[in-house]
Structures are given as structure tokens and as C-alpha cells.
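So the protein lines, in turn, are chains X and Y.
Each residue of the first sequence is one higher than the one before, counting from 1 in the numbering used here.
Each residue of the second sequence is one higher than the one before, counting from 1001 in the numbering used here.
Keep in mind the hints are simulated off the structure, nothing from the lab.
Some clues are possibly wrong.
[Said to hold, decoys possible] Mimicking DSS-like on lysine-lysine, the simulated pairs with C-alpha atoms at most 27 Å apart in a straight line are: (1) Y:LYS1188 x Y:LYS1453; (2) X:LYS430 x Y:LYS1419; (3) X:LYS200 x Y:LYS1566; (4) Y:LYS1559 x Y:LYS1360; (5) X:LYS430 x Y:LYS1109; (6) Y:LYS1188 x Y:LYS1214; (7) Y:LYS1552 x Y:LYS1088; (8) Y:LYS1076 x X:LYS199; (9) Y:LYS1289 x Y:LYS1453; (10) Y:LYS1031 x X:LYS199; (11) X:LYS430 x Y:LYS1561; (12) Y:LYS1188 x Y:LYS1592; (13) X:LYS430 x Y:LYS1031; (14) Y:LYS1561 x Y:LYS1031; (15) Y:LYS1419 x Y:LYS1561; (16) Y:LYS1359 x Y:LYS1552; (17) Y:LYS1566 x X:LYS430; (18) X:LYS200 x Y:LYS1360; (19) Y:LYS1552 x X:LYS430.
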Amino acid sequence: MQLETITSISTPNGEGAIGIVRLSGIDALAIADVLYRGKKQLAEVDSHTINYGHIVDPTTDEVIEEVMVAVMRAPRTYTREDIVEINCHGGIHTINRVLQLTLNHGARLAEPGEFTKRAFLNGRIDLSQAESVMDFIRAKTTQASKVAAGQMQGRLKSYIEDLRQRILNILAQVEVNIDYPEYDDVEEATTAFLLDEAKKVLVDIDDLLKDASQGRILREGLPTAIVGKPNVGKSSLLNYLVQDNKAIVTEIAGTTRDILEEYVNVGGIPLKLIDTAGIRDTDDIVEKIGVERSRAAIGSAALILYVMNYNDTLSTDDIEILESLARDDRQVIIVLNKTDLEQNMDLEALQSYGMPIVETSILHEAGLKQLEDEIAQLFFSGTVENADSTYVSNNRHIHLLEQSRSAIGDAIRSAEMDVPIDIVQIDLVKTWELLGEVIGEDVSEQLIDQLFSQFCLGK
Amino acid sequence: MENYSQYDVIVIGAGHAGVEAGLAASRKGMKTLMLTINLDNIAFMPCNPSVGGPAKGIVVREVDALGGEMAKVTDKTHIQMRMLNTGKGPAVRALRAQSDKVLYQQEMKRVLENQENLDILQGMVDEIIIEDDVVKGVRTNIGSVYHSSTVIITTGTFLRGEIILGDLKYSSGPNHQMPSVTLADQLKDLGFDIVRFKTGTPPRVNADSVDYSKTEIQPGDDVPRAFSFETTEFIMDQLPCWLTYTGESTHQIINDNLHLSAMYSGNIVGTGPRYCPSIEDKIVRFNDKPRHQIFLEPEGRETKEVYVQGLSTSMPEDVQRQMLASIPGLENARMMRAGYAIEYDALVPTQLWPTLETKKIDGLFTAGQINGTSGYEEAAGQGIIAGINAAAKILGEEPLILSRTDAYIGVLIDDLVTKGTNEPYRLLTSRAEHRLLLRHDNADMRLTEIGRKYGLITDARYDMFLTKKEQIEAEKARLGEIRIKPNAHTQSVIRSRGGTELKDGIMSLDLLRRPEMDYKSIMEILEEDIQVSTEVYEQIEIQTKYEGYIEKSLRQVDKMKRMEDKKIPHNIDYDAIHSLATEARDKLKTVKPLDLAQASRISGVNPADISILLIYIEQGNVKRVEA
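Generate the whole structure from the sequences, applying the supplied hints.
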């Protein structure tokens, strides 16, 4: 039996030269064909063949990626359904776009372990393996929800909660009119009122999605700290990032100069550089800096650029800081600066911390591109998490937001056509539920709770 | 006198759940005994004298479509009817009747007395006779024993009922009748989980003492209305209700006496419903509201008692008098009954199967307020299901479990047995995911076949239903084939309805989709007389105009139906499925869902658990594939 088409990236995130987007289900070929440009339509190629071509965004005709597409028709496949595997080469950002396109054209994001579940249900995996399939789903789900929980901290969550609360207020008003039509003290929720509010919500969902499509980003930058001992080149690195990435440079004055922040754009990733004043003020006052100072600068940073001197030996201060960073969850890139000088640093000892190391000579502008790539890689692979920003960070969220947008769009269209308000409400409820899924909230009793806390009702 | 004590089904209680249960069972040919503490209180309305309203009114229609009685008795005895939400879509339209309490009871008692296979008997049941967790009968407080293989408990608020009035609290059923304490003890002893719920009622005043000139009149609709699909005689002589308001001085009185109210003196332990707050509750929680609506509802044609809706209270009697006197129109009102709060025992409803049989005791069913609901309609809806299923059990028929997409009754029972409730449960339209499918107007289309299958729909009623259904289909098909030309006559009719003129010809059915067009306009364009009944063309209008939305709902329903088709075996051992999350496992063990759809609605059971469960139960099927 072929079920609705599911899709996902089936290679590990962010690593490896090739990434695969895999589709399985009744429309796998049809969906792939909408996006694929090659010698033949995929529907016409033989089963179990690899086909060269391009993935394009059919709405803009923009070429997204050069690909090899494997076509495997049911039943001789892993899931015993039609399977299409799109092999991409362009890194995590491109592969995400390909995945998005499959989602936008009718596929549903696979649940954790769902390909395997289908393989089992379609008799591909034998009975003795049922137990391990169940364990697999449990493990995948636990892992996925851990990641999701990490991503749902902070601003995006409160942003969506706020959107949902606004929708809930509309819903409650409409519902109360329906269930308590005789109560005059509740203002009649008119279609005009609903339309007005729904349009505002649409604009906000649109904004979120726009950010997402521009590199899944950016209301706030990724809080980043440049840390290191005196005279390793922190301020040169800062100046380089600020001056050579002129795209976004904003200064926000804090309550003290100490928390001055600067915004820079590094390879499409917005960084919020923390404590830049601290770096500038103290960089040449040799004795003021030390472990304590670095700790303070690290503060709430999600990404730490730990700058070291290629020409120095590994000091006890360095070891103490690096060890404490290694214990922490935050992502660190070691910037080994001054490669133009003689090497005294023990590279092997440094590598033992398991942090990416980029060798630079900021003075000669060497290695800086590698540093930018490293930052981008960490960001797009989701390795580094931005606890304090409103960016839509994963495909599940983007997919749900797309669906929310289309649901509220339906509500608006219906309202404009003078459809009765309780029917317009259907799509509004759906929008609210979808947004609830983004932040993983149980929706069942919330509306009724709202009804009775907001309005005074009853005999 | 042989075997006078041997029955198939025994119903304890004769309230709104009990009467439907008893009627359904006896109409299915079961020898049925209905026991009630007081024969004069059959189908008594201890609270507001009204039936129906949003969601609830649709339940009344559903009970009727299944072959129940509430709709017919209401149609025969009401003093006023109104269609609510007429300015909104068809999905939320709902009928509400003001009932004549006394006539309602008399008429329902007459129906019961004339029902074949049904005995009604005054008596209080003290004990349900159970052997090895199987029901064997009941024993009354005077020691009489009646045998049966199924018992339906519909005791409403009688179980360990306690009335609270100011600082007074005393053992009592509703309206100061005898409470049922021994039976409550037995249910506890049997190990049932019991919760304590609370509800309340407002004072009643004498109509002659009301100054109606200070109130606003609320008349009924001036078109014939009925709940039952069978009703052909309509009561057009209606009595109005009246609207007035509390004011500053009312609120002052309540605030000054708050310490005397049962709600705030710590006298009440039960959980009250949020949708039915006492007036003191409203004043405390919404203290910025300058006034609250008070509806004055006559309790019948032959009585002067008037129900003061909106003034539910447990204040001492003298404070209630002061409150009444502060309300315009009620300055000189003479109170006839004081309001009160009542606490009672209810069963935690997750202990029930969706058939309303208890999981613990074979053959024991419960329905109505004992299951944690509130409202006459909710009670009736459960009553008819429990009655059908008690009989079905004896007859070896498949039990009747209505899905959430079949009926509000399905939503109600599923919510109760799957999620439980932590306050008296009232149906609201927002509890249904697909209310566009669960409409007032199509209750017969949804449920008559089911009522027929269970033997509760007469031949005549069934023929009527089939005819209506055929007419709808035929007329829709016909309109789908008649092309309307954009001639002067057509355009003038369209203009007169405020629509934009046609550019090309169009099928009649497609023209009907326009918001401004209705069936009558189409007939005017076609220059035809209306040949079908209002009910028939109303269906055509709704089905056509909302087709897109209905289909959207139906697609979602299909998805859920597929989950409903995945049955969970009765003997499943959740402990053997290691990969289930612990919380999910515990919930599944309590609720014992019948299918995956029900399982997925349990809070704390997430999609991964459902996947795992699916794989577990599919193992049997997979084995066959492999073999």
C-alpha cells in the first residue's frame, strides 16, 4: 500500500560532501518531477536508475542545485513505495532549500523513523525486527525532541506564543457569540473585526517566513564573544569583522560602555558581537585581562571565538578557560592567529579539546575566509544554537509556518467572500493549531479555558 | 405474578438520562424496570426550565434521530421556542425551548406508562447485586430484590447529594428530595474513582410580584419550530421571557455578604462548572463589570413560578431576598424557592468504555450527571446510548459507539471516556472538531440509519426519512443539469437580490452557490413553483453553498476514520511494549482505548507512541504478509 508522500534529509546534518533528500510515497515521482529538470521526466525513466539534472524552484525558475536523482519504483524499495532520492552537493543550505521545495509541492515532512515504519508496515522488514523498529522510533523521537526543545527557547517561542494568543482572543470572541448568543455583554465578533485581526497575523507569519527564507535568520544576531589573552589579536579580528563586513554595523549603546554590542554580517550570518567595548578598552592594558575577564565576556554568548597566539605556548589560563568551555554546551572556534610568526603553540594539545581550529593571520588577511565558512557551517548545520533570537531554524517549523500561512490565507479569503463567521473560524482554528505545533503545545483545552476566563457566562 | 422480579435491564433513576435509557431498552424488546425514588419526579427539571441551545439543541435532535423522546416531549409541552444564531452559518444554528416543567414531566410519565416492556416502580436502590464482577440485579432500601443482567445507573446529583445554603449544609438530593447515600457508599467500596462536583440553581419568584414594565420582553419566534423530525403540530401560543440586569446595589449586597456565601466560607469542596458560576462568583471574578444579565423565565403555563436565570447562588435566604429586591422589576418580588448549591458524587468517567459500560463491573452502565456531565440534554444523549448498549449486550448485537464525526453525542462520550473531566462537563460547539458536519439541520441524515439499525425507528418514520433523502438527491441532480440563461428575467431577479449580473449561462446549482442566492430565487428565475419541503431545499442550499468547506472537513474525517479502523485488541499488554513512553503507557492502561484514533486523543500519548502502537498491533498482519 502506498501512503501519502513523506520527505526528509536522510544524511547526517551538516557533514559529508553529499546530502540526500529522500521522498517516499504515492506522489514521490510527481513531486520530484515538478522540481527536476533533466533529459527526461523522472516519470519516464526506468526504475532503479540514477539521473543527472537540476533542481529548480518552479515559481521563479531559479536553479537551486545540480543533482543526481535516484528513482526506485514500488515494490522493490526500502519502504515498498515509490522512492526518489535527490543527491545534492551544495552543502546544508542548498539541501535545506531542496527539502523545502519538496514540502511546498505536496510532500509531508517524515516523522522520526517513519521510513522504517513504512518499510515494516509494508512487510519489507520481517516480524523479528518489529521490536527494534519500535525502539528506533522512540530513540529518534527522543533525539528530535531534544533538538526541538533546544531550538524553541527564547524569542521565537514567545513570538509565536504572542501570535497564538492574538488568534485565541479572536477565536474566543467568536466562540462565545456562538455558544452564548443571548449574552449582550460580549461584543459581537464581526467578520470585519476578524478580517482585520487575521490580516495582521498574516503579515507577522509572512515576516517570520521571509526571515526564514533569507537564510533562516535574523531578528537578532547570534551572540558572539571574542575572547582571549591580551595581544593575541582580538581587536584586529573585531576590526576586521566590523570593517570588512560593512553590511550591517549598528551600535546599540547599553547602560554602560561595557556591554556595547555591534552587529556584523558574516557570510549571511548575523553576529551580535558582545562586549566590543571591553575588547577595545582593555586590549592593551596587559594585566587587566585574565580568566575572570574572559568569563564575563563569554557571558550569554552562543558562539565563542577564542583567539590565541600561534607564537605563544599554551598557558595555564588558556587551559583553564578551554576546559571550562569544553564542559559548556556552547560552540567554540579556536582562532589561532599570527601564523606569520613562528609556531610555539602545541597544536596537538589544542586539538584534544575537540573544537574547530582556524589558523589565521589577521594582519595579512589570511585564513579569514575559512573562519567565515566555519561560522556559517556551524550555524547552518544547527550545531550552534541561538538561544536569544527569533529565527526559524528548522524545516519542520518552516513547513508548519507555511501551512499556517495558507490556513490564515483561506480564512481571510472566506471572510472577504462574506462566508459566515463560524465557517471562517474553521481555518482560523487550524492556523492556531498549526502554530501550536511549532512550539509543541497541547491545544485541546486552551480555547475553552480562554472562553471562561475572558467572559462572564452562565445561568 | 410469575417472575415479577426478573428483568433484562434495570434503570436506576428516572431523570433525563434514565427515561431515555429505559425507553431505548424497552423499545428494543428488553423487559425493563425503571426504579425512581419518587414517581412524581420523573423527568423533573431541577434547574432552568429550558431545553436546547447551542450544541445541546443539536443533541436533542440527535436523540430524536436515534429514536429517543426528549425532542417530542419538548415539542408538545414548551411555552416558547427560538432558533439561535440565525445570523451565523448553518453549523451553529440551534433551537432552544422554554419548557413547561410540569407538563414536560406529565407527558414524559405518560409515554413511559404506555411503553410496552417497561415497568416503572417507586423505590430507592441501596445495592447493586454483583457476583464475580458481574451484575445480577439490585436490592432496594426495603429489601426487595430485582434480578437482571444489566443495570444502568442514572442517579444524577442524588449520589451523596448535599445542599449548601450560606453556612447550612445538609444531606439532600436536588430540590430537597431524598439523597442516595448507601448506593454511593457501595460504588466507593467497589473501588470506583469518585470525584465531588458541585452545581447550583437560582431562586424562583412569583410572577405576580414582578414589575415587567421595568424589563425587556424576549418573545419566541413567530414561525413554527420543533425539535423532532416527526413533529407536525406546532405550538404557536407562546409565553415571553423577560430581561433585566443586576446593578451596583446588587453587587454591593453580594460583596457585603460574601463571607456568608457558601462558596467563600469554605463550605464547598466540590468543583463547580466555570460555565455556570454563581452570581457571587461572577461578581468576584469579573468585578469590573457594572451589570449582569438576568433572564426571567416562566416555569410553565399553570404556575406563577418564575426562574431567575443568572442569579444562581448559595447565599443565605435573607441575602437572596435583598439581592432580588435590588434588581429592576424585582423590587417587590416574592421569593417562592431559594437558590442553593448542591454537591454530589460523580464517577471519574475514564472508568467507562465508550459504550458507557463500566470497565470494572460487567453489565453495569452509567449515564448522565453521575458521569460528570451537566445538563438535561447531555444526560439524555448518554441515556439513549446506555439503554441501547445494555440491550445490545443482552441481544448479542454490536454495541453502538458514535464517533466524534457522527454526532455531538459522540464528541461528548469520547471526551468523557478518553480525557475525563475535572469540572461538570457541558457541551460547547467548540468541543467538536467538525461542527460543520454536526449540524442541527442534518441530525436525521446523520443518525436515522443508525437508529433504524438498532430498532428504534418506526417504519413510518423511516419511510419519511428515505423520501426526504431521495428528494434532496433528485432535486440537486436536477438543478445540476438545468442551465440558466443570462436573459432579462434572470438578471432582474439577480439584481433584486443584490447580486452582479450573469455574463454567461450557468448551471442552476452553481448560481445557488452565490452568497446572495437562495433556492427560492432560483425557482423564481426558473419560473417554477416550489415542489419540495422547506427541509429539503434547506439541505440543498447548505450542501451546495458550503460544499467546499464540507469536503475539506470530510477529508479530515477520512484520515481519522482510517485511524479508527485500526482496532486495539482487548487483551493488549501495554507493559510488553517497552518502547512506549512511561506516561503514555500509564494513560493507555487506564483509558484502554478501543482504536488508534481514540488512543491518539489521550493527552500524554504522542505521535511516536501511536506509531509504536501501530507497529505492535500490526505484527499480526505482517506475519500474514510474510507467510
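Hint check:
Between Y:LYS1188 and Y:LYS1453 the alpha-carbon distance is near 37 Å, which puts this suggested pair outside the 27 Å criterion. Among the hinted pairs, X:LYS430 with Y:LYS1419 is consistent with the structure: their alpha-carbon atoms are about 21 Å apart, no more than 27 Å. For the given pair, X:LYS200 sits about 41 Å from Y:LYS1566 by alpha-carbon distance, which is inconsistent with the 27 Å threshold. Taking the CA atoms of Y:LYS1559 and Y:LYS1360, the gap is about 32 Å. The hint is violated against a cut of 27 Å.
For a cut-off of 27 Å, the pair hint linking X:LYS430 to Y:LYS1109 is broken: about 46 Å separates their Cα positions. Proximity of Y:LYS1188 to Y:LYS1214 is assessed by CA-CA distance (about 51 Å); at most 27 Å being required, the pair is judged violated. For the given pair, Y:LYS1552 sits about 19 Å from Y:LYS1088 by alpha-carbon distance, which is consistent with the 27 Å threshold. Between Y:LYS1076 and X:LYS199, the direct Cα distance comes to roughly 48 Å. Violation of the 27 Å bound is thereby established for this hinted pair.
At roughly 52 Å between alpha-carbon atoms, Y:LYS1289 and Y:LYS1453 are farther apart than 27 Å, so this suggested pair is violated. Between Y:LYS1031 and X:LYS199, the direct Cα distance comes to roughly 61 Å. Violation of the 27 Å bound is thereby established for this hinted pair. Restraint check for X:LYS430 and Y:LYS1561: the C-alpha separation of about 19 Å stays at or below 27 Å, so the hint holds. Taking the CA atoms of Y:LYS1188 and Y:LYS1592, the gap is near 21 Å; set against the 27 Å cutoff, the hint holds.
At roughly 48 Å between alpha-carbon atoms, X:LYS430 and Y:LYS1031 are farther apart than 27 Å, so this suggested pair is violated. Pair hint Y:LYS1561 plus Y:LYS1031 does not hold up; C-alpha atoms about 36 Å apart against a cutoff of 27 Å. In summary, the hint linking Y:LYS1419 to Y:LYS1561 is supported, as the alpha carbons are separated by about 19 Å, within the 27 Å threshold. At roughly 36 Å between alpha-carbon atoms, Y:LYS1359 and Y:LYS1552 are farther apart than 27 Å, so this suggested pair is violated.
With a C-alpha separation of about 25 Å, the suggested pairing of Y:LYS1566 with X:LYS430 holds against the 27 Å cut-off. Taking the CA atoms of X:LYS200 and Y:LYS1360, the gap is about 52 Å. The hint is violated against a cut of 27 Å. With a CA separation close to 12 Å, the supplied pair Y:LYS1552 and X:LYS430 stays within the 27 Å bound.
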